[in-house]
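Colleague: Chain residues, written in single-letter form:
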Amino acid sequence: MSLHEELKANAAGYVLGGLDAHDRREFEAHLAGCAECAAEVASLQPVVSVLATAVPQVTPRAELRERILGAAAGLKGADLDGGLKTRPYTVRDRQVSAAMTWLPLAAAIVIAVGAGVYALRLQRQVGELQARFDQAQSTTAVLAAPDLARIDLQGESVAPDARARALWSRSRGLVFTAANLPPAPIGKAYQVWVVTAQAPVSAGLLTTDPTGGGTQYYMTPADIAPPVAVAVTLEPSGGVPSPTGERYLVGMP
Amino acid sequence: MWLLAALARMHPAAESQAEDVESLRRLTSGDQGAAAGLYDRHSRALYSLILRIVGEETEAEDVLQEVFIQAFRQAGRYDPSRGVVAAWLLMMARSRAIDRVRARRTRFEGRTGEVLLNDLPDSHPDVTSAMLGDEQTRMVRQALDELPLLQRIAIELAYYEGLSHAEIAERLEQPLGTVKTRIRLGLLKLRGVLTEGQA
Numbered sequence: 001m002s003l004h005e006e007l008k009a010n011a012a013g014y015v016l017g018g019l020d021a022h023d024r025r026e027f028e029a030h031l032a033g034c035a036e037c038a039a040e041v042a043s044l045q046p047v048v049s050v051l052a053t054a055v056p057q058v059t060p061r062a063e064l065r066e067r068i069l070g071a072a073a074g075l076k077g078a079d080l081d082g083g084l085k086t087r088p089y090t091v092r093d094r095q096v097s098a099a100m101t102w103l104p105l106a107a108a109i110v111i112a113v114g115a116g117v118y119a120l121r122l123q124r125q126v127g128e129l130q131a132r133f134d135q136a137q138s139t140t141a142v143l144a145a146p147d148l149a150r151i152d153l154q155g156e157s158v159a160p161d162a163r164a165r166a167l168w169s170r171s172r173g174l175v176f177t178a179a180n181l182p183p184a185p186i187g188k189a190y191q192v193w194v195v196t197a198q199a200p201v202s203a204g205l206l207t208t209d210p211t212g213g214g215t216q217y218y219m220t221p222a223d224i225a226p227p228v229a230v231a232v233t234l235e236p237s238g239g240v241p242s243p244t245g246e247r248y249l250v251g252m253p
Numbered sequence: 001m002w003l004l005a006a007l008a009r010m011h012p013a014a015e016s017q018a019e020d021v022e023s024l025r026r027l028t029s030g031d032q033g034a035a036a037g038l039y040d041r042h043s044r045a046l047y048s049l050i051l052r053i054v055g056e057e058t059e060a061e062d063v064l065q066e067v068f069i070q071a072f073r074q075a076g077r078y079d080p081s082r083g084v085v086a087a088w089l090l091m092m093a094r095s096r097a098i099d100r101v102r103a104r105r106t107r108f109e110g111r112t113g114e115v116l117l118n119d120l121p122d123s124h125p126d127v128t129s130a131m132l133g134d135e136q137t138r139m140v141r142q143a144l145d146e147l148p149l150l151q152r153i154a155i156e157l158a159y160y161e162g163l164s165h166a167e168i169a170e171r172l173e174q175p176l177g178t179v180k181t182r183i184r185l186g187l188l189k190l191r192g193v194l195t196e197g198q199a
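Line by line, the protein sequences give chains A and B.
The numbering used here numbers the first residue of the first sequence as 1 and each following residue consecutively.
The numbering used here numbers the first residue of the second sequence as 1 and each following residue consecutively.
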């Protein structure tokens, strides 16, 4: 393969924003002098812009409008176009976040020092982080796995409001949390599937509370093929070896 | 009239674009009242994209706020020659949302920020973006659903998760070359739908 062909293979990654810094610089240098690659990039850009809108459309909560426009009204003339003055996510934040045990305290200090305007919002976040921390402790083994993957599941047409998240590590197993599932009829149960390129593998049954929520930990075989999806189906109450019933939730890594 | 109709088909967002540009102009001259119009026209699309990327409502709300505040502050930097306001906002939304997801990933994986920053894919490609009309968007969305699963997954991991080719290869346990090919074939197929649509 010529260098040009090798670089042209990166055009798609470039428009998707998927090249690492080195490959991107190399590609941009090539792009400046290569009409063919420039044409490929130009022709792929409209496709990528569609990806931005090719997502389920969700209206934000009405309260958010007030909050954001309120914050906008607080902007002074001097803030305008003078560069980004919102506090960006920095490396230091990430390190602070890693020290989970004192995170709530650290966050509280940040509130007091830096962001009076955002105090209420941050306080709420601290509460949520605390709750998330408590929850995380029970599933630390999975969450701390170096190979953690997150898969969000959306409700299918039988249960459009249902949502779920799978946190999966090959070495440590699967933590599965679902919400808004309709109650399973008598004699039926929800079953969680890890779908691989070969076949769906049963993770186990999922019991839900009266609100249709449930969290469960499952072991998955260490030699399982990489999952291409996670799904939930409604099956006879003891579960089945391969899915037969209607799909309620599906998500891809 | 036919000319207007044809123009509207070519630039479905033209009217909104004119209003958006006017809103940004007012913001630049200090009229914060112009913020509401921008919010009302774009909050749904931006929030939907952000939610798709960060996967959680509270965080999506925070990112949406960051994006609008950034847009209001940098209204004067918008350059119409580089694309419509809607595309400018969506690009900012994707960048910020992916920054969040990356920060979270770093936290889980315990990697240091310095190492990570060096091999981050660029979530801010310097590109001109056009917006397509509803019909074209619908066609591409449908084509995306019809792509072979692994092509679709690779594209989604790159666009919505901000993963580099190398990271996708690692995640899917496939050779780097295979991943590059899948992404390219997938995008070419989506592009094909658009070309047919225009013919």
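Derived from the structure by calculation, the hints contain no laboratory data.
There could be a bad hint or two in this list.
[Claimed, not checked] Output of the computed footprint for chain A on chain B, the stretches with three or more beta carbons under 8 Å from beta carbons of chain A:
hint	stretch
1	16-26
2	45-56
3	64-78
4	144-154
5	157-165
6	188-195
Think of the CB as a built atom: it goes at the ideal place given N, C-alpha and C, for glycine as much as any other residue.
Colleague: All hints are to be evaluated individually against the structure, with a verdict given for each.
Modeller: Here is what the structure says about each hint:
no. : hint    : verdict
1   : 16-26   : violated (count 0)
2   : 45-56   : holds (count 7)
3   : 64-78   : holds (count 12)
4   : 144-154 : holds (count 5)
5   : 157-165 : holds (count 8)
6   : 188-195 : holds (count 4)
Hint 1 alone, counting from the list given before, is not met by this structure.
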